[in-house]
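> Sequence:
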Amino acid sequence: MFSKGKRIRMDEMPPMEYESYYMGDNPSYNEDEAGPSGQRMTRLRARGGVPTKPPIIDEDDEDIFMANRKRKIPKPVKEKIEREPKPPRAPREPKHQEPAEERVVREREITTDESSLFWILRYSKNTITSLTKRCQYSIIYDQFLMDNVISLLTGLSDSQVRAFRHTATLAAMKLMTALVDVALLVAINFDNAHRQYDGERLKPAHDVSEDRIESLLAKRQELEENMDEIKNMLTYLFKSVFVHRYRDTLPEIRAICMTEIGIWMQKFSSNFLDDSYLKYIGWTFHDEVGDVRLRCLQALLPLYENEELKSKLELVTSKFKDRIVAMTLDKEYEVAVHAVKLVIKILKIHQDILTDKDCEIVYELVYSSHRGVAQAAVEFLNFFIESELHEHGAYLVDAFIENNPMIKDWECMTDLLLEETGPNEEVMDNKQESSLIEIMVSAVKQVALGEPPVGRGSNRQKTLSAKEIKQVQDDKSKLTEHFIQTLPYLLDKYSAENEKLINLLSIPQYFDLEMYTTSRQEASLKLLLDKITLIMSISTDREVLEACAKTLEFLCTEGSAIYTQCDVARSNIIDLSVNGYKEAIDDWRNLIAGEETPDEDEIHQVCISLKKVSILYSCHNLNPWSLFTSLFQDIEEYLADTTHEKSIPTEALIYCIESCFYSISWGLSTIESSFESSALAYTAEELRRNLEKYMDVINKLIPEADKISIKEAAYLSLCDLLVIFSANLGKSANRYVQMMEYRPTEIQKELLINFVKTYVFSLRYEEVQDETRIEELHKKRNYLAAYCKLVVYNILPTTAACEIFKFYIKFYNDYGDIIKATLSKTREMNKINCTMTMCMSLKTLFEEILTFSSPEKISRTSQDFSDLKELAKRFALSFGLDAIKNREAVTALHRAGILFAAQHWNSDDSTIPPNLLFLEILNEFTNKLLKQDKKVVLNFLDRRISMANMPSTHSEDWQPLINYRNSLLHGESDQVGPIPVNKKVYVRKGKKNQGGDEEIDESI
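Number 589 in the UniProt record's numbering belongs to position 589 of the sequence shown; there are no gaps in the numbering.
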């Protein structure tokens, strides 16, 4: 029925033949037919003890007798004689008879009769196990009992009679389970014997007993043979019974198979916990009967709970994850419950395998009408809380926000967080409080902005309708009205818990500030500002301080009714931070001047005070406090101190670099927003001096700093300042703004590209832990984006991207999106410049490969050359399908490539051009040329490298030229055929070509 030789892969669904095989299409298992079953070769048949075809078992013996009866001779037909009609008889009274019993076929009930063999095997579970244990030491290995039993069970399991098939399958599966137990015992005995044998051999020579060693060796060999025999039995039973019965038409038989295979995998994992066995469970997930699907899930659950076994389940998890998640919505509630439990187990092992859509499916089951399913879904939510997967909070809210009013029940949430629990109420633990706060803040953000979280907006309208805008405004007013009063108390309660503070401090950023005055809540505003001031004074966590600074920036929005009150509070906070910095740095400098060494407290005070100044500077203009001179002095002292023993700590120096950057940026903002005056002229001159000084120290910090963190801070500051003070300032109407234009020097260009090559395109973080690697990758992506931004904004020439483009393929997984976006933007600015930069990248890589090749000849089969061709293909694909639009750029690329291929070569010389192989790279772009342009390029090629210059020897080295010309002559009549290669000449260069020159000349 099935085609032989076809291999079934793990990730494939069961073939359609399989489904029809056990869904009623198989004539061997059709209840209405009595045809012969399919042939199968058992061990007894192989020995000649059993006929090749099993006997046909008919359920009704009458057919046999009817078939053997002799035919009767037909009687002659007599002529009909007409008779007179008899008078009608009086009707008889019907006699009372017992109704005859109707013959009913009850095949299904045959195996459930208490007197049947199936009943004994099913409910007397120890029958086969006990029998096997009694025989485990000798009888099962005599090749008589077990062979006959296995052959009997194999034959009966293939019977058309359901009772035989059902009973035999159960017996065979139970026998395999019993054999698994015996195998485990044999394995233990084998290990013991092996240990005893090794121990005996390690004894001193005079204590060694040769008889003892021989007996132990014989015992070990015997146990090894026994294990092989048991494994052979298990393999034979599996292939002869399980493989055919797991798709039987009777669901009870399929359920038995799934139950037992789960037991084997759990007990004898070394033999059965393999993808070749797990696939049967995965395929049966699609069974039409709920009980069978349930047995599949029950078989897998214990495996995922075992720490030692879960590593072997990666493939089945990835292949059947979608089906398992879909089973959480199963119509059979028990199946859904177990599916949710299995999803939880999977999530504990592979935290990134479930998508947000998968999680949503399970989240919504908390509203299931079935209590067990709802409770399982709640367990999944509890796991979400315990696993600290905070990035899912926004997506959880997005799933509920449109259909569940509880997400906007601010009063209920704050009551849970603020009110004391009653005597019979459960107290929330720390994780539950953190999760509730996260959900509450995510809901506040989505309600106030009316936007879904990142990645969820693809199927929604980009612009809100008038009705939606009205709804957002109403929701924003309600949340503002509630949190104006409750937020100060929440901040007070959780003021010592940074994780909760970070979320709570962001809530005012979504307020309707006008409601502070319209609802007369000035007292609540003062209370909120006091709490922020207190947190800024006592907290040292960077994220908490940043949240305070951003919230304070929003509250101090110019033009709002509460601006004055908030600005006063902001000034007080800045005063406290600036005074703290001045006191700490004065103490530090006094100690250094007195040749004293600062202690840990003094170092800590300098770092914390500078951290607060830097964070406040990022959101607020601190230039009125005149800090630049002091901050810049700290940087200069670091550069002057070659030993860095008297300079401020590394962390403090980074905050100084950042603060000076913010000071210069705020200075430009002040000039741009001010009217021209004499005071503004002095401010502009001072800012220009500060900018020049700062750029000078940055130019020294990037190459000379002893810590990479200092180099990174200096690099980012330089990139951002080049963007802020770019040539666009020269177009301003304000002449003082025009004075601020700053163009990068050649030294700075060199520093920037060297930093990128050293710290971005390096593999020094490949072997570190995953969390550290992800963090470092994020930082490196920021560094690359900062450099590419300079190219895109035309601050650096397009050719500066040459060193970036050449890493497009090598680092595609890490930076492919950034480089691709840069490529697209530079093409929009100037197609020819972008194309020539691509060509420059290819030439640079070609020269690098040529430099490291030996003997200065690139192998066309090398990995580096293959990567170079792949990069060329990727560049060619970036041109798109519009050849006319890119006509001039592509033609310029070919001309530049031909010039490079002919570089350092004299046409009078008989040697091959050193860069001729570059034409093979250039060949990737010929399909982007128009037909008329191909002729122009071909003429240009012939002027530079003519075919007449090609010598008769070493012809294979000229093949790139032949291929390139043929690609330009595609469809023309004068194409050049491939050059035949004399393998001896090509392999052994020392020998001359014998007879090959004439063939080459003819081909040319």
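No lab work stands behind these hints: they were computed from the structure.
Treat each hint with caution, since some may be false.
[Unchecked claim] With a cut-off of at most 25 angstroms between alpha-carbon atoms, the simulated DSS-like pairs for lysine-lysine come out as follows: (1) Lys133 x Lys279; (2) Lys476 x Lys526; (3) Lys239 x Lys203; (4) Lys279 x Lys219; (5) Lys731 x Lys810; (6) Lys810 x Lys700; (7) Lys133 x Lys219; (8) Lys831 x Lys820; (9) Lys279 x Lys408; (10) Lys267 x Lys357; (11) Lys348 x Lys319.
> When the hints from earlier in the document are held up against this structure, which numbers fail?
1, 3, 4, 5, 6, 9, 10
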